[in-house]
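Just so you know, the sequences run in chain order A and B. Under full-length UniProt numbering, the first sequence has 255 at position 255, and the numbering climbs by one with no breaks. Under full-length UniProt numbering, the second sequence has 224 at position 224, and the numbering climbs by one with no breaks.
Don't take every hint at face value.
As the list claims (entries may be wrong) - Just so you have them, the derived chain A footprint on chain B, three or more residues with Cβ under 8 angstroms:
id, stretch
1, 137-149
2, 153-167
Stated by the list, open to error - Computed footprint of chain B on chain A, listed as stretches where at least three residues anywhere in the stretch have a Cβ under 8 angstroms from a Cβ of chain B:
id, stretch
3, 149-157
4, 162-176
Read the hints as simulated data drawn from the structure, not as lab findings. Beta carbons: idealized from backbone N, C-alpha and C, even for Gly.
Protein chains: 2
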Amino acid sequence: MKVLILGAAGMIGRKLFESIAQSGMFGGKRVDEVLLSDVVLPLVPPGLPFTCSASQDDLPAPGTVERLIAARPDVIVHLAAIVSGEAEADFEKGYRINLEGTTRLFEAIRQAHGGSAPGEGYFPRVIFSSSIAVFGAPFPERIGDEFFNTPLTSYGTQKTIGELLLADYSRKGFFDGIGIRLPTIAVRPGKPNKAASGFFSGILREPLNGQEAILPVSDQVRHWFASPRSAVGFLHHAAAIDTAQLGWRRNLSMPGLSATVAEEIEALRRAAGDKAVALIKRQPDPVIEKIVAGWARDFDTARARSLGFVADKDMDAIIKVYIDDELGGKLPNY
Amino acid sequence: MKVLILGAAGMIGRKLFESIAQSGMFGGKRVDEVLLSDVVLPLVPPGLPFTCSASQDDLPAPGTVERLIAARPDVIVHLAAIVSGEAEADFEKGYRINLEGTTRLFEAIRQAHGGSAPGEGYFPRVIFSSSIAVFGAPFPERIGDEFFNTPLTSYGTQKTIGELLLADYSRKGFFDGIGIRLPTIAVRPGKPNKAASGFFSGILREPLNGQEAILPVSDQVRHWFASPRSAVGFLHHAAAIDTAQLGWRRNLSMPGLSATVAEEIEALRRAAGDKAVALIKRQPDPVIEKIVAGWARDFDTARARSLGFVADKDMDAIIKVYIDDELGGKLPNY
Numbered sequence: 001m002k003v004l005i006l007g008a009a010g011m012i013g014r015k016l017f018e019s020i021a022q023s024g025m026f027g028g029k030r031v032d033e034v035l036l037s038d039v040v041l042p043l044v045p046p047g048l049p050f051t052c053s054a055s056q057d058d059l060p061a062p063g064t065v066e067r068l069i070a071a072r073p074d075v076i077v078h079l080a081a082i083v084s085g086e087a088e089a090d091f092e093k094g095y096r097i098n099l100e101g102t103t104r105l106f107e108a109i110r111q112a113h114g115g116s117a118p119g120e121g122y123f124p125r126v127i128f129s130s131s132i133a134v135f136g137a138p139f140p141e142r143i144g145d146e147f148f149n150t151p152l153t154s155y156g157t158q159k160t161i162g163e164l165l166l167a168d169y170s171r172k173g174f175f176d177g178i179g180i181r182l183p184t185i186a187v188r189p190g191k192p193n194k195a196a197s198g199f200f201s202g203i204l205r206e207p208l209n210g211q212e213a214i215l216p217v218s219d220q221v222r223h224w225f226a227s228p229r230s231a232v233g234f235l236h237h238a239a240a241i242d243t244a245q246l247g248w249r250r251n252l253s254m255p256g257l258s259a260t261v262a263e264e265i266e267a268l269r270r271a272a273g274d275k276a277v278a279l280i281k282r283q284p285d286p287v288i289e290k291i292v293a294g295w296a297r298d299f300d301t302a303r304a305r306s307l308g309f310v311a312d313k314d315m316d317a318i319i320k321v322y323i324d325d326e327l328g329g330k331l332p333n334y
Numbered sequence: 001m002k003v004l005i006l007g008a009a010g011m012i013g014r015k016l017f018e019s020i021a022q023s024g025m026f027g028g029k030r031v032d033e034v035l036l037s038d039v040v041l042p043l044v045p046p047g048l049p050f051t052c053s054a055s056q057d058d059l060p061a062p063g064t065v066e067r068l069i070a071a072r073p074d075v076i077v078h079l080a081a082i083v084s085g086e087a088e089a090d091f092e093k094g095y096r097i098n099l100e101g102t103t104r105l106f107e108a109i110r111q112a113h114g115g116s117a118p119g120e121g122y123f124p125r126v127i128f129s130s131s132i133a134v135f136g137a138p139f140p141e142r143i144g145d146e147f148f149n150t151p152l153t154s155y156g157t158q159k160t161i162g163e164l165l166l167a168d169y170s171r172k173g174f175f176d177g178i179g180i181r182l183p184t185i186a187v188r189p190g191k192p193n194k195a196a197s198g199f200f201s202g203i204l205r206e207p208l209n210g211q212e213a214i215l216p217v218s219d220q221v222r223h224w225f226a227s228p229r230s231a232v233g234f235l236h237h238a239a240a241i242d243t244a245q246l247g248w249r250r251n252l253s254m255p256g257l258s259a260t261v262a263e264e265i266e267a268l269r270r271a272a273g274d275k276a277v278a279l280i281k282r283q284p285d286p287v288i289e290k291i292v293a294g295w296a297r298d299f300d301t302a303r304a305r306s307l308g309f310v311a312d313k314d315m316d317a318i319i320k321v322y323i324d325d326e327l328g329g330k331l332p333n334y
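Input sequences plus hints: build the corresponding full structure.
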């Protein structure tokens, strides 16, 4: 099986590639070749159990998507996107990458499909990473599978449009698409960043590394989480699933864990003790509090769960993934 | 006030123009100039109370939308579209006109706005005619204001994307948009056409003209209607409304009348007697029955009603509009 990963240099792209490289499998099938693409050149490590190549690409530039699908990948994982904050600040760039890039990709696949009879011609599985940003406040305490999409960011708008195109191209038989709306990923590895959501990971990650973290909101703030390992699991399952089960409703909110900041802190205490918790400094920030108040807190993802997508059990499990995968199972001496 | 009507040669476009021409007003404001555009050249009648020009346009062709908005219309009514059946049969044409045409229009307005400060620069009201085709089965018996959009046609997909772009461009302050989802229009004037929904009008229109009509479905089929006069009323109200009341949820299912075929027939009997009803010939058509079974039957349009949009009272009122507006108030001798 050939796999194309768009956005392969991003956090999820790298984690997905690592998991494919380790097992030689994706979605339960043996992988012969992986093509990696990103706006920065993805790294190809030595000693892989399959052929692998990487390219540095501007997705919506003329010819890019046609070149990427020339090898006729069986599965295309589309993770490439300008993130929410940047798409909001740079309207044209966000629409160019997130909408035009996606449209061009889908169109190139349709052209390659070439109007073949059902069951014939090029017909890849396309996995589109969407986001809970397709929802906009006000919403119910738990957002169900039939709640409407009223994004309040350009990023969320672009993701919603991608979902709609994915569903229509799938319905018309041009490819076999599935869209998965990822929760906020925690514990996000790496350095702190300036994303408004950064503290959700930061208040766990920094103490687990023996460093101070800032908590800008109240302990009672509730949010929607999945570990990087769960996100990778969603992608494997999306590659393996029988899409006939989806009907034409090809886009799914992924299961996650709804937890408060207080629950994060208590799980940190259980994992690393009071000294780790003492590294969290409370510095209320009204700007961040206001942004976070507009975010979804909980979901009823009955549909995705019934289709076999599995979330993290609790915040302890999410912290354990970070300690195991990023810290080699070891905590610092506090 | 300057008004631009895109799709001005279509049924609703012509009815809207007639109503503006009669009163010299649109949405309660005096009209100085009307620009008409369509893929076929719209007719400009003599003796109008305002300046009027018409052009035959291919909406997504380079330069078209820029030329159309060069006069800086205060209100843009975007009715231009490839209809459902054609957009489904010709994928590329549907996306080109319904999506690319709309995207180019919105982009041209954004460029004309030019990143001006709030309250400054070009900032037209944009009224986008959407459709109940943004919803796809299965759905509840009554579709509420928060039900999700899972269109089952390319036309419905294109309309949903138009709605999303309208909301995002409005949120970013590039124009002042409102999207209105029209019910099925009945009684549609003119000759019978081959649309699967044609019989809903046909079983009233043909008997009201002394002609036979074919009924291909059961009397118990329920559907969602508005008269042409109501549709024009929605557009006037959409031009007049204070959009601050909408928040960022700029798209609304318009109120309508939910009625069965049996209720249509009984209203016809009250308006024109048994001889008119006798002109309806039952010829069940499994293909049409199946298509119609996938259509929405009823809506709870609390939001639009609370914002002042008004639907037809009953099927008798809908029939009276046809008799008054299309037959000069007269019925044939049966």
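Here is what the structure says about each hint:
Check result for the stretch 137-149 of chain B against chain A: holds, 4 residues qualifying (beta carbon to beta carbon below 8 angstroms, three or more required). Beta-carbon proximity to chain A at under 8 angstroms applies to 7 residues in the stretch 153-167 of chain B; the threshold of 3 is reached and the given coverage holds. A count of 6 residues in the stretch 149-157 of chain A with a Cβ less than 8 angstroms from any Cβ of chain B is obtained; the coverage claim is therefore met, three being the minimum. A stretch counts as covered by a chain when three or more of its residues have a beta carbon under 8 angstroms from one of that chain; for the stretch 162-176 of chain A and chain B the count is 6, and the coverage holds.
Every hint from the earlier list agrees with this structure, and none is contradicted.
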